[in-house]
Amino acid sequence: MPKVTEEHKENMRRKIRRSAKKLFLEKGFRAVTMKDIVTASELSFGAVYSYYSNTSDIFLKLKEEEMSADQEDYQRIFNAISKSAIIEDYLVFLTKRLANIHETLIPATYDYLTYVEKGTHHNEISEIVYKQIDEQLQGFFQQTELVKEEEIINITAFLAVYVEGLYFQQAFIEKPATEKSLESLRYLLNKLLL
Numbered sequence: 000m001p002k003v004t005e006e007h008k009e010n011m012r013r014k015i016r017r018s019a020k021k022l023f024l025e026k027g028f029r030a031v032t033m034k035d036i037v038t039a040s041e042l043s044f045g046a047v048y049s050y051y052s053n054t055s056d057i058f059l060k061l062k063e064e065e066m067s068a069d070q071e072d073y074q075r076i077f078n079a080i081s082k083s084a085i086i087e088d089y090l091v092f093l094t095k096r097l098a099n100i101h102e103t104l105i106p107a108t109y110d111y112l113t114y115v116e117k118g119t120h121h122n123e124i125s126e127i128v129y130k131q132i133d134e135q136l137q138g139f140f141q142q143t144e145l146v147k148e149e150e151i152i153n154i155t156a157f158l159a160v161y162v163e164g165l166y167f168q169q170a171f172i173e174k175p176a177t178e179k180s181l182e183s184l185r186y187l188l189n190k191l192l193l
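Letter by letter, the sequence shown follows residues 0 to 193 in numbering that gives the first Met the number 0.
Misleading hints may appear alongside valid ones.
As the list claims (entries may be wrong) - Quick list of the computed label-pair ranges, beta carbon to beta carbon:
1) Leu24 / Ile80: 32 to 38 Å
2) Asn78 / Ala30: 26 to 32 Å
3) Ser67 / Leu181: 24 to 30 Å
Just so you know, these hints were derived from the structure itself, not from any lab. We put the beta carbon where it would ideally sit given N, CA and C, even for glycine.
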């Protein structure tokens, strides 16, 4: 019997995740079943279940990958020459993210958080979501001495809620996030950093 290589296993995992991501983007988290993923991936139940035991496991891995992909953008933003350039680059990034929100897992993440029971994977995904926004905003505060270390956590938490509100508004409310909302964020960041 031929031995299955790690490369083959990883290719199978990627195929499963690609298929699952398309479904999560289309249907949200709650409506996607393992049967849907098996069908979309054109693999057997045994093959899919040998890599992932449930939709939550797949979703968490996809969310981690989405966060990792963002890290390059964050590094570019936070390495800007000036604080005002950091703010402008971040707002450009956020504007693009809002415009393309349905190409990200953000809407499915909200679906996930309202569906999964607390105590299962709920805390894991909550931490992933908060960490994603927290990492974005922490980069700002590392650029200034005006914000005391102990204030960074409170300010980051406040801004994380604001940005999450923009994401939620864009994903689910008829009237999407407006330029005025982004201008308010620009004002807040300028007051905090400049």
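**Study point:** Structure-inconsistent hints, enumerated in ascending order
**Key:** Violated: hint 2 alone.
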